[in-house]
Amino acid sequence: MRPFRSIALLVAAVPALAFAQGAAPAQPTAPGSSGPETTAPASPSPADPPERSRTQRDAPAVPQTAPDAPAQVAPARPPEEDDAEGTPSQPPASTGPTSGTAPASAPGDAPVLDSGEAPRTTDAQQQRLVNGAPLYNPNVNVHIVQKKRFADEGKHELVLYPGVVQVNGKFTNHAGTALHYVYHLQENFALQVGGQYNWYSDESDFNLELIDKVREQAQAASSLLLQWGAHAGVEVTPLYGKFAFFNNSLAQFSLVLSGGAGVGKTRHLIRPEVANEVDGQTYQVPARFGDTGNKFLGEVGGGFRVQFGESYAIRLEVRDLIYTARVDKVDGCNLADFESLEAARAANQPFEGLNLSGSCKVAKFDGVDPETKKNYREDIILGRDLVAEPSSDVLNNVSFYAGFSVLF
Amino acid sequence: MNARTLRVFAALCISLTALGAAAQEDGVLDSAVVRNRLYKPAGHPELSLSVGLPVQTHLTAHYFFNVGLAYNLFDTFALEARAGYAASRHTGLARSISESFLDREDKRVTDELEDLWQLNLHGVIGARWAPIYGKISLVADIPVHFQTYLWAGGGFGNLKRESVIQCTQVVDRAAGVCDNRTAVDDRGSATENYWVKESRVAPVVSAALGFRFFVQEKHGVRLELRDWIFKDSYRVNLLRDDWEAGNPTGEPAGSPGLTHLVQFDLGYTYSF
Numbered sequence: 001m002r003p004f005r006s007i008a009l010l011v012a013a014v015p016a017l018a019f020a021q022g023a024a025p026a027q028p029t030a031p032g033s034s035g036p037e038t039t040a041p042a043s044p045s046p047a048d049p050p051e052r053s054r055t056q057r058d059a060p061a062v063p064q065t066a067p068d069a070p071a072q073v074a075p076a077r078p079p080e081e082d083d084a085e086g087t088p089s090q091p092p093a094s095t096g097p098t099s100g101t102a103p104a105s106a107p108g109d110a111p112v113l114d115s116g117e118a119p120r121t122t123d124a125q126q127q128r129l130v131n132g133a134p135l136y137n138p139n140v141n142v143h144i145v146q147k148k149r150f151a152d153e154g155k156h157e158l159v160l161y162p163g164v165v166q167v168n169g170k171f172t173n174h175a176g177t178a179l180h181y182v183y184h185l186q187e188n189f190a191l192q193v194g195g196q197y198n199w200y201s202d203e204s205d206f207n208l209e210l211i212d213k214v215r216e217q218a219q220a221a222s223s224l225l226l227q228w229g230a231h232a233g234v235e236v237t238p239l240y241g242k243f244a245f246f247n248n249s250l251a252q253f254s255l256v257l258s259g260g261a262g263v264g265k266t267r268h269l270i271r272p273e274v275a276n277e278v279d280g281q282t283y284q285v286p287a288r289f290g291d292t293g294n295k296f297l298g299e300v301g302g303g304f305r306v307q308f309g310e311s312y313a314i315r316l317e318v319r320d321l322i323y324t325a326r327v328d329k330v331d332g333c334n335l336a337d338f339e340s341l342e343a344a345r346a347a348n349q350p351f352e353g354l355n356l357s358g359s360c361k362v363a364k365f366d367g368v369d370p371e372t373k374k375n376y377r378e379d380i381i382l383g384r385d386l387v388a389e390p391s392s393d394v395l396n397n398v399s400f401y402a403g404f405s406v407l408f
Numbered sequence: 001m002n003a004r005t006l007r008v009f010a011a012l013c014i015s016l017t018a019l020g021a022a023a024q025e026d027g028v029l030d031s032a033v034v035r036n037r038l039y040k041p042a043g044h045p046e047l048s049l050s051v052g053l054p055v056q057t058h059l060t061a062h063y064f065f066n067v068g069l070a071y072n073l074f075d076t077f078a079l080e081a082r083a084g085y086a087a088s089r090h091t092g093l094a095r096s097i098s099e100s101f102l103d104r105e106d107k108r109v110t111d112e113l114e115d116l117w118q119l120n121l122h123g124v125i126g127a128r129w130a131p132i133y134g135k136i137s138l139v140a141d142i143p144v145h146f147q148t149y150l151w152a153g154g155g156f157g158n159l160k161r162e163s164v165i166q167c168t169q170v171v172d173r174a175a176g177v178c179d180n181r182t183a184v185d186d187r188g189s190a191t192e193n194y195w196v197k198e199s200r201v202a203p204v205v206s207a208a209l210g211f212r213f214f215v216q217e218k219h220g221v222r223l224e225l226r227d228w229i230f231k232d233s234y235r236v237n238l239l240r241d242d243w244e245a246g247n248p249t250g251e252p253a254g255s256p257g258l259t260h261l262v263q264f265d266l267g268y269t270y271s272f
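From first to last, the protein sequence lines stand for chains A and B. Each residue of the first sequence is one higher than the one before, starting from 1 at the first, in the UniProt record's numbering. Each residue of the second sequence is one higher than the one before, starting from 1 at the first, in the UniProt record's numbering.
The hints are simulated quantities; they were obtained by calculation from the structure and are not laboratory data. It should be emphasised that the depicted structure is a prediction, and the values quoted were computed from it without experimental measurement. Cβ coordinates follow ideal geometry from the N, Cα and C atoms, glycine included. Treat the hints with caution; some may be incorrect.
[To be verified] Counterexamples of contact, computed for chain B against chain A with all Cβ distances above 12 Å:
| # | residue |
| --- | --- |
| 1 | L47 |
| 2 | I97 |
| 3 | K107 |
[Claimed, not checked] Cβ pair distances, simulated, as ranges:
| # | chain 1 | residue 1 | chain 2 | residue 2 | range |
| --- | --- | --- | --- | --- | --- |
| 4 | B | E251 | A | K373 | 33 to 41 Å |
| 5 | A | Q281 | B | A253 | 27 to 35 Å |
| 6 | B | H260 | A | R215 | 21 to 29 Å |
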């Protein structure tokens, strides 16, 4: 379709060019101007100036004498660097000189400029082709999305996300680090496996504020914390492009979309950090978390991969880790277990011999911490509160992933 | 947490700098880049309309409707004035808290909750810096040109606050009713409620990270992640007996912090 479109545009442009040459001063032919994305300035007739597009630059100044020499062709780049938007890959038919010296003679059909000003494209720099396009030519607007300079197909990619920060934490906060491996089966399709460890996972200040001020808190299932997760899935890159930062640096980027499934380990806060006073001495007791088991994990995400060279890339992504949360056991103990433990605690009886479920880790609720003097039995009632009303929820842990990758 | 965050950012910056330097040494960065911009906004004023949806809601939810007028001093820099109205409401969570707290008489001294102010009318003036110009290949033959920008500015906003704790006239404590509804189950029939209300005008700061996609010559679509920031204000050490008798109680919090309203903005831009 692309050649047909180019031809159609060329045909459509013929009357305009004819009009421009007949009714207005001629303009230099712009190299590489035959592509659909290339815009040559309209004829700038001083008497009747057409409405000028914002995309067009100032019309070239028109000299009264013709150039002395035909324009020389600047060396074009290999085809793989040609315009991917429709600019023909063959070298331009005519371009400006590559040096700053005046041309020697004019061809018969050379454009004749009728003003006293020198053409703006006599400068060698302006005539230079960059990646097959006259990027410096002020008479030509060219915009290019090049072919991808770096092929991904068949490559391996190792991605380290040092910073993974939850951005939707209403009742929870997470921060961690993730490591992903991506194998690019095709240019736009890849397989991925990855793991994430949250070195910080705790209930949010908002939840603690509710507990403190209004004696309310999120249901256990809604404030479940994700300790780590592992998943496998696919990644697609439907879009690619490039951008310039202050016209100085070029970066190629791709939009990446990912999806997968896996498993994650969860926990729940049983008791926040407290001060324990024993015999007139105060000990700081760290927060205590209870194991709430492994949960199925789904993952969807999207973001940008900005590539630097063939081997390095930066990834900025947002991923949603979705996990089902049903809290009916804490540290393996269910409600019946907690009831038995609480009854034994109230009677100051040992826990040995209690009829508990096999998964209940009774040792976690018995004994005294030697450093903080905290009696673990005091946590039984807190654990029981978590499972007293079994709750379930589907949690979305949306996090911002910032990382870099190495391709090999 | 701050120290941790700083460490993470520092490590990230070092990593990114090293990568960029390595890439430039390899000569993979082309000095001639998106040189011939198809769209050059410099010197053009523009008018924009936008709608903002909350990224996350806690106790309040805001829906922003804004009109903006900007002038592009350069291709990469513009000044913009934005004004609008934010339709706001309490979330279901706030309503649930208010209803249950009426009956929680074991809590007779408490503090007001944070971040309950709702922004309504507002106006800000700011600067937009768009150092990144790029294009993406949407489909093989359809390039889309865009700018990525940072926006920062300030102004004033009209704020109102309705407590979810202080009810000056309890109608039905068990049912959590603090209004003049005609039936306990018919919340919609209420024409007036008795929660403590406040209002004020306060300075507002706004910052955004956005993308502007050019559509033809004069039109554009903007996607933004925008944060509206203002100073919070609430009272502490409130006595239930006092507020239920309709008397002012408590004192202002010493360091109430800032309220952030993070929005996802979708906008349209017309360039003159």
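Q) Looking at the structure, which of the earlier hints fail to hold? A) 2, 3
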